[in-house]
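K.L.:
Starting from the given sequences, assemble the full structure and let the hints guide the process.
Chain order of the listed sequences is A and B. The opening position of the first sequence corresponds to residue 1 in our numbering, with each subsequent residue numbered one higher. The opening position of the second sequence corresponds to residue 1 in our numbering, with each subsequent residue numbered one higher.
Any given hint could turn out to be false.
Straight-line Cα separation of at most 16 Å, EDC-like style, residue types lysine to aspartate or glutamate; simulated pairs [claimed, not checked]:
no. : chain 1 : residue 1 : chain 2 : residue 2
1   : A       : K37       : B       : E110
2   : A       : K37       : A       : E66
3   : A       : K98       : B       : E53
4   : A       : K98       : B       : E54
5   : B       : K9        : B       : E75
6   : A       : K37       : B       : E54
7   : A       : K26       : A       : E66
8   : A       : K98       : B       : E105
9   : B       : K9        : B       : E110
10  : B       : K57       : B       : E75
11  : A       : K103      : A       : E66
12  : A       : K103      : B       : E75
13  : B       : K9        : A       : E14
14  : A       : K67       : A       : D17
15  : A       : K50       : A       : E40
These aren't lab readings, by the way, just hints derived from the structure by calculation.
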Amino acid sequence: QQPVQSPQAVILREGEDAVINCSSSKALYSVHWYRQKHGEAPVFLMILLKGGEQKGHEKISASFNEKKQQSSLYLTASQLSYSGTYFCGTQSGGSNYKLTFGKGTLLTVNP
Amino acid sequence: DSGVTQTPKHLITATGQRVTLRCSPRSGDLSVYWYQQSLDQGLQFLIQYYNGEERAKGNILERFSAQQFPDLHSELNLSSLELGDSALYFCASSVDSGTGANTGELFFGEGSRLTVL
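P.N.:
In structure tokens, the structure reads:
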């Protein structure tokens, strides 16, 4: 089942902060975050695993609330290069290996 | 460059036809994922292979099939094409744990853009 992302789109000025949310109706094993720039392939940002382990980007942080099956991506002091579509992907674990992505959040950072 | 190679980059064909998309994963990656990306649906998971075996299946149509070969490259076959199959098809690879549960980064290829006329 596809996770739900919010907001669908956000416009920022350089230096502003943004939060992108991702929620699932299923218990989660892991949450993955990717960014896709227009005309390019998605690029890995971060993975958060059940139990608290995180691996990812230096300047972008995220949280994972296992009980609520929710994750949030925090973009602080945004830069022009942060513009793109952000996707969260979820994996339920166990015997379910599907990595299912949400519809994405379009982030535009203006000067 | 992610190290994942997809061919062809662009493909234009007619309804009813059949096409094959090819993916070579990064050296050493055992898992291959196929995703379909259309404007309004984001990244739709199609299927995953791990070391030659099908590991997970998403909303893949019966007209579509895939396989992973002993050299770990993968092919996605799309047949009886319809206008709605026009999309960008991504292949991604990763180094998965033995259980197949992904605990690391997916490396995406540049995608194959399919246009069905």
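K.L.:
Next step is simple, just say for each hint if it's right about the structure.
P.N.:
Outcome of the hint check:
A threshold of 16 Å between alpha carbons decides the hint, and for A:K37 with B:E110 the separation of about 12 Å falls inside it, so the pair holds. Restraint check for A:K37 and A:E66: not satisfied, since their Cα atoms lie roughly 29 Å apart, outside the 16 Å limit. Between A:K98 and B:E53 the CA atoms are separated by roughly 14 Å; this keeps the pair inside 16 Å, and the hint holds. Pair hint A:K98 plus B:E54 holds up; C-alpha atoms about 11 Å apart against a cutoff of 16 Å.
As the CA atoms of B:K9 and B:E75 are separated by approximately 14 Å, the hinted pair is consistent with the 16 Å bound. Straight-line distance between C-alpha atoms of A:K37 and B:E54 comes to about 30 Å, which puts the hinted pair past the 16 Å bound. Between A:K26 and A:E66 the alpha-carbon distance is near 10 Å, which keeps this suggested pair within the 16 Å criterion. With a CA separation close to 14 Å, the supplied pair A:K98 and B:E105 stays within the 16 Å bound.
Straight-line distance between C-alpha atoms of B:K9 and B:E110 comes to about 8 Å, which keeps the hinted pair within the 16 Å bound. Between the alpha carbons of B:K57 and B:E75 the distance comes to roughly 15 Å, so the proposed pair stays at or under 16 Å and holds. For the hint linking A:K103 to A:E66, the alpha-carbon distance of about 21 Å lies beyond 16 Å, and the restraint is violated. This hinted pair does not check out: A:K103 and B:E75 have alpha carbons roughly 25 Å apart, beyond 16 Å.
Taking the CA atoms of B:K9 and A:E14, the gap is about 34 Å. The hint is violated against a cut of 16 Å. Distance restraint check for A:K67 and A:D17: the Cα-Cα separation of roughly 26 Å exceeds the 16 Å cut-off, and the hinted pair is therefore not satisfied. A distance of roughly 30 Å separates the Cα atoms of A:K50 and A:E40; the hinted pair therefore is violated under the 16 Å criterion.
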